[in-house]
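Protein chains: 2
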Amino acid sequence: MTQVSYLQDYQNPERHIGKARSRPPQFSAFEQDVELDGNSFTSTPVLNITSGVLGIRHMLGDGRQTISMLFFPGELLDFRCLLDTKGTVSCLLPVTASLYDGDEYDRLQRENAHFNSEHIASNNRQYHIAAQHCVDLARKSSVEKLASFIFECRNRLHVDPTQAIALRLRRSDIADYMGLRVETLSRAFSKLKQLKMITANENDEVTIINEPALRMLANGAG
Amino acid sequence: MTQVSYLQDYQNPERHIGKARSRPPQFSAFEQDVELDGNSFTSTPVLNITSGVLGIRHMLGDGRQTISMLFFPGELLDFRCLLDTKGTVSCLLPVTASLYDGDEYDRLQRENAHFNSEHIASNNRQYHIAAQHCVDLARKSSVEKLASFIFECRNRLHVDPTQAIALRLRRSDIADYMGLRVETLSRAFSKLKQLKMITANENDEVTIINEPALRMLANGAG
DNA sequence: CGCAAGATTGATTTTGATCAACGGCAGTGG
DNA sequence: CCACTGCCGTTGATCAAAATCAATCTTGCG
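As they're listed, the protein sequences go chains A and B. Every position in the first sequence, counted from 1, becomes a number in our numbering once 3 is added. Every position in the second sequence, counted from 1, becomes a number in our numbering once 3 is added.
Warning: the hint list may mix true and false statements.
Note that the list lumps identical chains together, so a pair holds whenever it fits in one copy or between two copies.
Calculated pairs, DSSO-like style, for lysine-lysine (alpha carbon to alpha carbon, straight line, at most 30 Å) [stated by the list, open to error]: (1) 89 / 196; (2) 89 / 194; (3) 199 / 89.
No wet-lab data here; the hints were simulated from the structure.
Make a model of the complete structure from these sequences and hints.
Spelled out as structure tokens, the structure:
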């Protein structure tokens, strides 16, 4: 739980304030478990993740933890969405990302029609994912949650349906994201294997071996 | 559960495609329980709600229902965020809203700096609310969920802290939103009253009578 | 090796879902 | 007017699922 101001990695922010519109964003790398605190930013940044996974981690008063949102490679995280949140952005894996200055990002977005439409599409996609996640959390059983999570990973990582899905997250992070305890999650894994819907190799890469059944389960067709 | 194409209410869509930039958006009113299906739209609209409450309703395979997101007056609902979702937008109360054509909205947003910054702020706010909702769903007990919901309503309806909060939603809709059954929700209400944290009048308007305690509870300080 | 962190398994408890019944109330129709 | 109906919310009793508590196993690492 190392606390790091992103400014340490975002050298020479002045370089990004000028008028040039093709200035490349700054690249940065963060180790696993580094926490990026939104309040420690002077210039609110937008992160475009190139590898690894970020999550917004929240802590309840008595220590219960949750991860409300995940960010996979190719997805955008706008730090301004959590200004008044208690949540902190946490690197669930080693992460590399390119950083935009918030104002710079907005300007690009206004001035470049292509960039603008990509931005809108990205926003809508993230919101759609959030809505789906709420559905998963609200009413599904532990096994249904895990089935949904596996599909979510496959989609967001753009894994070919024939390929194995590397869930490189720790069990505890998956559990925090899906609103389960690790023990319950572990039992859900056992259940899916026992039902012959998935298999997993020694690297915890999941292969879906009965996709229709797993899909039904994820959709709550009880 | 009346199914209505928004086109019935959005007369003369051609009028909105021209170049005039100050074209006022179209106003519409919908009755309670009207369902707006995203797939029935030809021109994807953006709704700015002026009164009432909208929700995105989802149905699992075996009939379990969820409401993943709510939209209160002053908030924007971009129908493009649920293009490939099974969810439908449902009027949880009688609703009035102004409708923008999606492309028109995007153009306004690109061309008008003020509109643009309002749009970004709105997006971030909605995303923040979604993240908080995930936290509420993932780990909180039924009573904590209700406490959180009361604060969420107060914030999103901009109710003065000294005033009563009108939760005009049906119990079943609140329950679907918070991932509870109506019976459990009802017991949570009883519990909060018994703990002398809230009172409610005959119109189901809630008054917070011990805000610090209710806040602690909502934050999970167990 | 010894240790720590992560993952799994088992036994027990707690919470919320489920099932069932009831009361209030608005709308309907004789 | 009053029975009848359907919807909504509440309450009570029981059940099932997940949390909790505890122990064990696995793996990587100084």
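Q: Taking the numbered hints from earlier one at a time, note which ones the structure violates and give those numbers from smallest to largest.
A: When the structure is compared with the hints, none of them turns out to be violated.
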